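So the protein lines, in turn, are chains P and G.
First residue of the first sequence? That's 1 in full-length UniProt numbering, and the numbers climb one at a time after it.
First residue of the second sequence? That's 1 in full-length UniProt numbering, and the numbers climb one at a time after it.
Certain hints may be false.
For chains that are exact copies, the list does not tell them apart, and a pair is met inside one copy or across any two.
Claimed, not checked - Quick list of in silico lysine-lysine cross-link-like pairs, DSS-like style, CA-CA up to 27 Å:
(1) 676 to 347
(2) 404 to 487
(3) 347 to 675
(4) 586 to 217
(5) 347 to 85
(6) 63 to 214
(7) 194 to 182
(8) 194 to 63
(9) 172 to 194
In case anyone wonders, no lab produced these hints; they're calculated from the structure.
All of these numbers come straight from a predicted model, not from anything done at the bench.
Protein chains: 2
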Amino acid sequence: MMKAGDDEGAAGGRLGFLKQQDSDAKEGKTLSKLSSTPAKGDWTKASCPCCESKQVEPLVLVKLGGKVGPETKRWLIRLIGAQQKDGGAGLLAHPGEDAQSSIIVVSAPRCTLLRATEELGLCKTYKTGEMEAFSYNDRDNFRNSNNMEAFLTLAEREYIVKYELEGLRAQKDLRIPGLPDKYTLHNRDNIWQKLCSAGVIVDMFPLHNSEKLKQLKEAWYLGNQLSQPLDSVNEYFGNSVAFYFSFLDFYTWSLLPPAILGLSIAYFSGEVQKEVVESVSKSQSPEIQVDSGLMVSGHMIQAVFSMLWSTVVMELWKRRSATLSYRWGTLQLAERFAEPRPSFHGKLGVNPVTGRVELLFSEWQRDLRMLLVSVPGVGLFLGLVVVGMMCFYWGEAQVKQLHKDWDSYLSQTFLYIPSVLHIVYTNMLGNVYRNVAQSLTEFENHREESAFENHLTAKVLVFTFFNNFAVLFHIAFFKQDVSLLRKRLASLLIVTQLVNQVTEVVIPFLVDRFISAPRRNEKEDDPQEDKFRNQRSLPPFPGLFAEYIELLVQFGYLSLFSCVFPLTAVLLLLNNVTEIRSDAYKICKLFRKPFYPPVSNMGVWQIAFEILSFASVVSNCWLLLLSPHIQVWGQENGLSGGNLLLMAVIVEHVLFLVKFIIAVVIPDEPYWIRKKREHMEYASMWALRQMTLEARES
Amino acid sequence: MMKAGDDEGAAGGRLGFLKQQDSDAKEGKTLSKLSSTPAKGDWTKASCPCCESKQVEPLVLVKLGGKVGPETKRWLIRLIGAQQKDGGAGLLAHPGEDAQSSIIVVSAPRCTLLRATEELGLCKTYKTGEMEAFSYNDRDNFRNSNNMEAFLTLAEREYIVKYELEGLRAQKDLRIPGLPDKYTLHNRDNIWQKLCSAGVIVDMFPLHNSEKLKQLKEAWYLGNQLSQPLDSVNEYFGNSVAFYFSFLDFYTWSLLPPAILGLSIAYFSGEVQKEVVESVSKSQSPEIQVDSGLMVSGHMIQAVFSMLWSTVVMELWKRRSATLSYRWGTLQLAERFAEPRPSFHGKLGVNPVTGRVELLFSEWQRDLRMLLVSVPGVGLFLGLVVVGMMCFYWGEAQVKQLHKDWDSYLSQTFLYIPSVLHIVYTNMLGNVYRNVAQSLTEFENHREESAFENHLTAKVLVFTFFNNFAVLFHIAFFKQDVSLLRKRLASLLIVTQLVNQVTEVVIPFLVDRFISAPRRNEKEDDPQEDKFRNQRSLPPFPGLFAEYIELLVQFGYLSLFSCVFPLTAVLLLLNNVTEIRSDAYKICKLFRKPFYPPVSNMGVWQIAFEILSFASVVSNCWLLLLSPHIQVWGQENGLSGGNLLLMAVIVEHVLFLVKFIIAVVIPDEPYWIRKKREHMEYASMWALRQMTLEARES
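Chain P extracted, bound-state conformation:
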């Protein structure tokens, strides 16, 4: 198996793929409009002269089904190569080494790339050096607009190919050659979806560029760098991945203050080890009362600090995110003005915003579906989590009772049954839920890809988070047992990190070293086509959800319960430093390259972190109130439980207010970005006023 990121023979390979072959003059018969037939084994010709170039960069590989006949493949290649006004994708296609091979390699000519850049609303560097929304008419004034490899990032070029292919819609009723009649396309049907459902297209993924990948790896994780090459990550993997790694980076650095504070409190109080030992052994040592004054203040400083810290971090991240978005040209994405996502359905009508004829789906219908179907659906599954937890506690109590009554070897093994059953139940529920969430979101029928992603993420996120924290919340708020909570939290933190390190670093390393590496050497002089095909043997990238949820759960441990276990930030900091490298290693070497659309921020994750940051005030105040130190302190100062509670509530409200004020006072984008954005708005307004007469009369 040939690895995508191998270092040998890459540059030559790409050129080799471009060598001319004798053209086979078989003419296409079935598709009237798509008249220019490609030469077998060569790239289709670009339709406009400005796009012709000697060197075509293979961007995306389309894998066809095994039973696809040559006439279907020829038709597909012609469709991909035909101009957009004729209903084609306006791209370049290469049939692979021979016409029978079941792959099509796709690239994109300059004009298609530039038009799509405008359509997506990407900003690019203008001749003045500022970022401006790209305009096809004004292309000559943008820097590098003649050199696509410098103008667009690799990820953007590849995404545009996907965007064009998946956006293909039939312009009239059409039979696909070589397929049964039931797959006949009707007007405005999405062609790509039809081909996928017909089994013609099995897979589609972007191709690695082994040279660039090598450079990226060296700059990213092979050395001892402290900072990540975020611009290169953005160039190679796209915005979404770059935003994830930027956030990981930012978040890891911002863990320094709480880690230092936690360490110094631990050092000065000298109490932490004792506490951990105590909590694990569940014995309340009588010494606590001796220096309770100091511990109270240490605990409180830690808690108050972490509550305010989380808001400041999230606000600063928003500013950083806006800066990155400006730098990467995604500040003015025009997704809502573009075509709807491929699987969007509805009735044909005139879009009131753009005035184009396209599929429309009424907003209230979507709202109704969310309210009546999605919300109860998600609620049901959250209920099932609670039921599971309750059954687990019930079962545990039963089994303990049984063990007490019987006290045999057999009954001792019974003790593990509830845990095992609960884990199995939780996992099954999680898997079922993921499918349900997908269907629910599909049913909601969002127009934009980003809306779909955000709604799907939100659904899975709520469930996963609830699943992770239900037990901890139960301990904190119902059992009100701080020492049990501390024990659980410590073990969760340590176990989670161990499991993560093993699954994310050790296993991949072993796989790479002992399974992939020996195979790699076998195929040094394979044809380029096989190298592309081999990239398919890697598993598809599972998406950033798992990575983000890991961070969110971490952040939850830290912000919700930090006051019971002050060294959380230290452990997380250590974990994240290795996490950066292991995640980078994973995405570069262990998976197929993923497609990611341009995005301007982290989307729904941003909101999830902010909600958590506010929820942390409630839980921390509550935990402080429960903590034995505070209770002792209250007794010493003659405060009743009610008065202590009142104090906690007042502190909580003040902290809420302070956090809210911090969030409002720190602007969400830096001053200079705001000015740039206002300048863009002003330019649009001005253009509209100048333009409107001519444009409307024409």
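Since the structure of chain P is already known, use the hints to place chain G on it.
Then chain G, alone, in the frame of chain P:
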């Protein structure tokens, strides 16, 4: 004295003012550029032929100082009449009946109005019937663009005159004829401000149109209408006033549900009268415990309902506000792209947004000033309110002690001294604060008029609100005396309303009937000039602050403390129904017509109402907790004070969450407005793309 709103001889008067007089051919000597000299006693000529019209509508009256020489007046008239490119205002001026009279009447020609409409970013009806941002180049495609009286509202026309006059800046160093050298204008000095500070201009106000005013009054408050003619109010007084009355209207109607609920709870429990009597007589009758179950539920229903009600009302108002803003064409105001406000100062530089050379003032400097000067300043005054309140309580205790010790007639009068002193102190503090707030906001140096207004309003608002509620909060949260609170609230509600009705309805009516009306008859056939001049004898309109704060304080009584006095909503409803009429009467008859700029919403008041709505959750939960019914209920059910408090906290958090979700789920603008807005954005984006090449190369 001639009233603005009188009904006699109005239509004829306006025409009379326009009659031709012999032109006096004295040539201007001092101002080189402003070459066209006006004929004495006639309107200056419009500079472009399309603006010439037989009939000029007098819009604004400028009152000059008594000592202003005729050469200064002539220079000023020429300045007003000169074209904008020559540094003039591009308006029309009329010197009054003779050259010595100390007024100038100003009007505006069509082109100046249209250009300003574009500059302000007003939307007008396009030929398609939709509202579109007005563009001067495209003027012929907008409906009524040849008839200014239909195209712009009277308030807009008058505001544009003010906008142009106050925006006048010297294009080079310039001596003003007839004034000492210290008033010499330097480049980019604001001319109007200089003239005001030199005493040349004493006053400026928009003129009433007595015909329209008569129609408005008939439709507004002379009949028995249930609804207000909001569009006519907008036409005559401008957006700000129309928004106030719309909100008053909306808010009054939305008081119906809580009023009905309050009445029915009062009816079914039959407890309210008893309660009021009890609370006023301060005796806790033992019967309360008999049907505490019913009362608890009544109280709670009332409280929970009013908490959720306030959020729903504010969200629905936002939608209504967006609809009104669309209808009145202020959805896309371009204030931030226009010239800075007249008293804005800074260094000359290139505005990074518009690319124009203008005065700039760095944002961080403004932030610093707010943080280091304004915030401590406001805090100091709030502190003084608290100090005053504490002194009052201390003084009251002292005086009571004295009265107890002496028990004489003299000592009884002493009992009133603390209250009187406190009222005097509070009033003085309020007056000082108003000036301080003005200076602080001026010092902050805001670029836009609306930003200035909002910051000023926010400052005064916080203080006034604090001043109004400090005592109630003290009773509720420190004294924790629900019956005293109820007593205070009932007396405040009744006293406030009586005072309001007297000051707002009875006194104005008496003034109008016995002082204004007799004078009105004296001057039936006065010259038009005197009628204009007489409008100046009315006091200037004091602004909407007092009206809004009255509503806000009402809303505060209702939402913060409604659960202690369930009939609040009923009283407020009755009050507001008369309030609508008395406010309308006031603005139409008792004051000079005010200038108001176009606005797109209520500004900072919106936020104040929303904050209050959230604060109400805290106070209501707290008051419910304190209420004797709940305490009794808790005792009956064996709940300790701590457990009750915990319950209240949980209920509070749940209500916060529900309110937050309601606020997020209800969209801030109706669907169709969002589509219109997106359409406008799309059109701008599209225009920019089409335009950018030509525009930048030219």
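Broken hints, by number: Result: no hint breaks.
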